[in-house]
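J.: Sequence:
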Amino acid sequence: MIRFKNLSLSYGKNTILKEISSHIPKGEFTCILGRNGSGKSSLLRAVMGLIPYTGEILLGGVPANQLSARVRAQQIAYLPQSYPVPNIDVHSLIAHGRFPHTGISHRLSASDEKLVLEAAQETGVTHLLERMLPSLSGGERQRAYLAMITAQNADTILLDEPASSLDISYQAETLLLLSRLHKRGKTVAMVAHDLPQAFTYATHIILIDGGTIRSEGSPSEIWNHPAIREAFGAGLLPAQSSDSFYKYHLIR
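Quick note: the sequence shown, position 152, residue 152 per our numbering, numbers continuous.
Read the hints as simulated data drawn from the structure, not as lab findings. Hints are supplied without guarantee of correctness; some may be wrong.
What the hints assert, rightly or not - Here are the simulated SDA-like cross-link-like pairs (lysine to any residue), alpha carbons at most 20 Å apart as the crow flies: (1) K18 / E56; (2) K18 / L67; (3) K5 / G60; (4) K18 / S220; (5) K186 / L115; (6) K18 / G210; (7) K247 / S220; (8) K183 / P25; (9) K18 / S8; (10) K114 / H96; (11) K26 / S82; (12) K183 / G210; (13) K5 / S42; (14) K186 / G61; (15) K18 / T212; (16) K114 / D89; (17) K247 / E221.
Unchecked claim - Here are the simulated distance ranges between beta carbons: (18) P134 / P226: 44 to 50 Å; (19) K13 / G60: 17 to 23 Å; (20) A110 / L58: 33 to 39 Å; (21) L237 / R70: 24 to 30 Å; (22) I251 / L117: 40 to 46 Å; (23) G12 / A239: 39 to 45 Å; (24) D167 / G12: 33 to 39 Å.
Beta carbons: idealized from backbone N, C-alpha and C, even for Gly.
Based on the provided sequences and hints, a complete structural model is requested.
T.: Following this line, the structure appears as structure tokens:
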């Protein structure tokens, strides 16, 4: 479990988050929602120790700032919204996911290599293992990075809008992969903008607006909360058909 206690984030004189206290529940698929600039991405970056904050972040009951970057990476796999595109092949990229576990040499054992290949198969990039990363399409590159964090095999996975810039087919593939990982016992937390996607796949929702948490709970508990319409200018309506692609639809 990741817990926040009186957590505040600021950029210069601008306060982004104001003493929020909440948690990302262990074993749940959490979607963190909010408008642009609401602090969603900054929250994930603070968890990973990438930006300063006041208050407390606890990882499994331990203050996050007491953990080394390597120990944190053993516990949490993190995929930011944007990432570098080094001139390496896909196999090498996925292998980076094992580095928190390999020691200084970064030499992969047979079991590490097995996890790399399993992650490639899981994400559908086995046929791309020898391709150089810059030569891939945006969707293929995103799947390669998803393979990397899958190979990391951390108990918790944090992602910053992993499907936002993808074609609809790649969006569906990404969300289905995350759903499978969640069903296998991983804790998944994802920053998102798409309300129907979030309320369809998540089991826990955190809505941030105005620097505070405005609503929190399961999709069935908060889909009609007035804070959603206040934040997004739109609401949700449960799908009438059980075989609908989305469980909730956007309404204006």
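J.: Does the alpha-carbon distance linking K247 and S220 stay inside the 20 Å limit?
T.: Roughly 10 Å separates the two Cα atoms, so the pair holds.
J.: Keeping to a limit of 20 Å between CA atoms, is the pair of K183 and G210 held or broken?
T.: Roughly 33 Å between the alpha carbons, so the hint for K183 and G210 is violated.
J.: Taking the CB of I251 and the CB of L117, does the distance hold inside 40 to 46 Å?
T.: 45 Å, holds
J.: Does the alpha-carbon distance linking K18 and S8 stay inside the 20 Å limit?
T.: Given that 20 Å is the threshold and the Cα spacing comes to 5 Å, the pair holds.
J.: Take a quick look at whether K18 and E56 sit within 20 Å of each other, Cα to Cα.
T.: Given that 20 Å is the threshold and the Cα spacing comes to 13 Å, the pair holds.
J.: Given the hint of 44 to 50 Å, is the C-beta distance from P134 to P226 inside that range or not?
T.: 46 Å, holds
J.: State, for the Cβ atoms of G12 and A239, whether the hinted interval 39 to 45 Å holds or is violated.
T.: Roughly 43 Å apart at Cβ, these two residues keep to the hinted range, so it holds.
J.: Sort out whether T212 lies within 20 Å of K18, counting only the CA atoms.
T.: 6 Å, holds
J.: Need the status of pair K186, G61: alpha-carbon distance at most 20 Å?
T.: 18 Å, holds
J.: Check whether the Cα positions of K247 and E221 lie no farther apart than 20 Å.
T.: 14 Å, holds
J.: For K13 and G60, compare the CB-CB distance with the range 17 to 23 Å and indicate the outcome.
T.: 34 Å, violated
J.: Keeping to a limit of 20 Å between CA atoms, is the pair of K18 and G210 held or broken?
T.: 9 Å, holds
Taken one by one, the earlier hints fail for this structure at numbers 2, 4, 11, 12, 19, 21, listed in ascending order.
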